[in-house]
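2 protein chains.
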Amino acid sequence: MKKKNKSAESLKNLGERVISDINKNKNPNVIVPIRALSNVIFNEKTKTLELGNKTSTRYFFNVAHAKKFLQTIEIASISKDLINEEKHASLRDVFYMAKRTIPGTNINLVDEQSESDDIIEDLELITGNSREQLNINANKNGSVVGKVTIEDAGDTIRWDKLGSGGWSVPSNVENIKFKKIDAKYIVYMEKAAVWERLNEDKFWERENCIIISSQGQTTRGIRRLLQRMYEEFKLPIYVLCDYDAYGFYIYSVLKYGSINLAHASEKMAIPSVRYLGITSKDVEKYDLKKHFIKLKDHDIARLKQLSEYDWFKNSKDWQKEFKTMKQYGSKAEIQALSARGISFISKVYLPEKIKSKDFLE
Amino acid sequence: MKKKNKSAESLKNLGERVISDINKNKNPNVIVPIRALSNVIFNEKTKTLELGNKTSTRYFFNVAHAKKFLQTIEIASISKDLINEEKHASLRDVFYMAKRTIPGTNINLVDEQSESDDIIEDLELITGNSREQLNINANKNGSVVGKVTIEDAGDTIRWDKLGSGGWSVPSNVENIKFKKIDAKYIVYMEKAAVWERLNEDKFWERENCIIISSQGQTTRGIRRLLQRMYEEFKLPIYVLCDYDAYGFYIYSVLKYGSINLAHASEKMAIPSVRYLGITSKDVEKYDLKKHFIKLKDHDIARLKQLSEYDWFKNSKDWQKEFKTMKQYGSKAEIQALSARGISFISKVYLPEKIKSKDFLE
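Same order as they appear, the protein sequences are chains W and E.
For the first sequence, numbering that gives the first Met the number 0 begins at 0 and goes up steadily by one.
For the second sequence, numbering that gives the first Met the number 0 begins at 0 and goes up steadily by one.
Calculated from the structure, these hints are not laboratory results.
All clues given are correct.
Copies of one chain are not kept apart here, so a pair can be met inside one copy or by any two copies together.
Taking lysine-lysine and the DSS-like style, the derived pairs with C-alpha atoms no more than 25 Å apart in a straight line are:
{"id": "1", "residue 1": "Lys176", "residue 2": "Lys146"}
{"id": "2", "residue 1": "Lys86", "residue 2": "Lys160"}
{"id": "3", "residue 1": "Lys146", "residue 2": "Lys86"}
{"id": "4", "residue 1": "Lys86", "residue 2": "Lys178"}
{"id": "5", "residue 1": "Lys179", "residue 2": "Lys160"}
{"id": "6", "residue 1": "Lys66", "residue 2": "Lys289"}
{"id": "7", "residue 1": "Lys352", "residue 2": "Lys284"}
{"id": "8", "residue 1": "Lys176", "residue 2": "Lys160"}
{"id": "9", "residue 1": "Lys201", "residue 2": "Lys86"}
{"id": "10", "residue 1": "Lys288", "residue 2": "Lys319"}
{"id": "11", "residue 1": "Lys346", "residue 2": "Lys86"}
{"id": "12", "residue 1": "Lys146", "residue 2": "Lys160"}
{"id": "13", "residue 1": "Lys352", "residue 2": "Lys86"}
{"id": "14", "residue 1": "Lys67", "residue 2": "Lys289"}
As the structure is a prediction and not an experimental result, all values here were calculated from the model.
Starting from the given sequences, assemble the full structure and let the hints guide the process.
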């Protein structure tokens, strides 16, 4: 309830400021921090991407601003209704809820979802609440198991009693309450197939950990879930990815945040996560060269991009990884470990690496 | 255990036939039904796509066949080991497990995953077992809730006690046991965001139904789960899709099977499913034209393809849908209903359509 009040309160403040401007015969306006690369900085202290302090002011009585101003007020109002009704909407829903013709004109308030998405990101900054706290959800994906008991939407849910499927992670985890956590660490992996391998082998039970995955890029729901478990229980988080630029990027986003969500880093980035695999050392040690896949142009381009990121620029370990992969001209997948036996990953690879703290930071 | 024996038995038979050929100094061979459009027929009686009776014989002592013959035997052996060890592997895992250099040569048994995938489909036909029964899993995706209790991997799981997330559907549902089902019907939807809407509104509790979704094309795990619930409990299944060619195609695959999996129709197709939304009638009734999205060339091509399918060719209703959409030159999304209120879909649209049996077949 506290969260609900906080988000509703900030939206109410926004409305009251506008009304107060009108009553004073001032040109109503909202101040919006600028979300552009020119205003994104890497905070060396917190080790996350964040926005600088450049702002722009959006006026109602300004031909260039009026539409965006209206969009901002309309979507703030949609969000406030959602919070009051205790409902959540997807980005797509909000687009359709905002999409209507402005009375007396033939102009739509929004024509494309990118417009409403944009305003939602503005509102995150204006109100200081994440999209999820504004009751607007991203996509749902991913599964989790482990010796954890939570309370959610009136149910008590044991993550260790969910068979081969696990708990389906919702898009919004803000209202989950953790009742009991019995785990030493968390392994997050990019592939659902690897998660199913570890779950079938009861890796989480034997090693006393939590395993969680989405498919490909990490969903916001999972990033927030990981962050909450780290902050509330100080559980170490290990990231298990393919040996390729895309896997490295998934790790980078989890740890430092992403450029287009720099404004949300505070709520999403987890500077303590560590990279668990696959590395160039693993390639040699576990003889993965015979399972190499040739790099394509976009792999090489992405690798170059990664090597130039502020947070990787001064990391000897990561620069070595980027250089070695380029020399190999090849990448390798986690599943290549299956060539050594279907449960090699859960019985040998992961326990060895975790025991010897063979992580990259 | 019965299932395990059946699959293991069929693989053993395959091996024994080969050994028997060798002992008789015969050229070892396997007979494989042909999986090509030329051998795919639409069975008017069962209303599903299935394979005809054309076969080809794969010989060991034949330069053109030898490699495929070896691949078949090798992957049959991998599958048998998996079944014996009670483990499941992904298609990608099986590829890596099969990928090795044939001794005394510089030839790999498989070079690309498409080769091992192909053999796995052959083995489904040769042994009469689905990929899942051979312990080889497809991708995992999707969530389910409803008043259902199952047993899976030693756990008793209540699908009605899983908060906002639901049960994460595994890739393989062959070993699930249904303990209790209290539901009048099932709604399958293509979008996770719509599922979250219906779950938050407790649609399944109010309407006494099961709601299930993946994201986009239906996973094999979900198709099998739906089929099992239909066959074991005769629950009607309604398919909720966008008003577009892709949504229609998702429905078509669920109901009739797909051309490239025609051999698996018996285990996957569910001829009784009905199409619940969105239709051209809904477009008029709920004023969705203002939310139209223009058709692209690939939409029109897909629409033409659909209209020529054997099972749609003689359906007046479906031909009308295809024609109307082409005339509109536009498609519409389920979420467009949100313009009428966030819970319009769960409180008005679905109850009205289901009550008046406003389905397409």
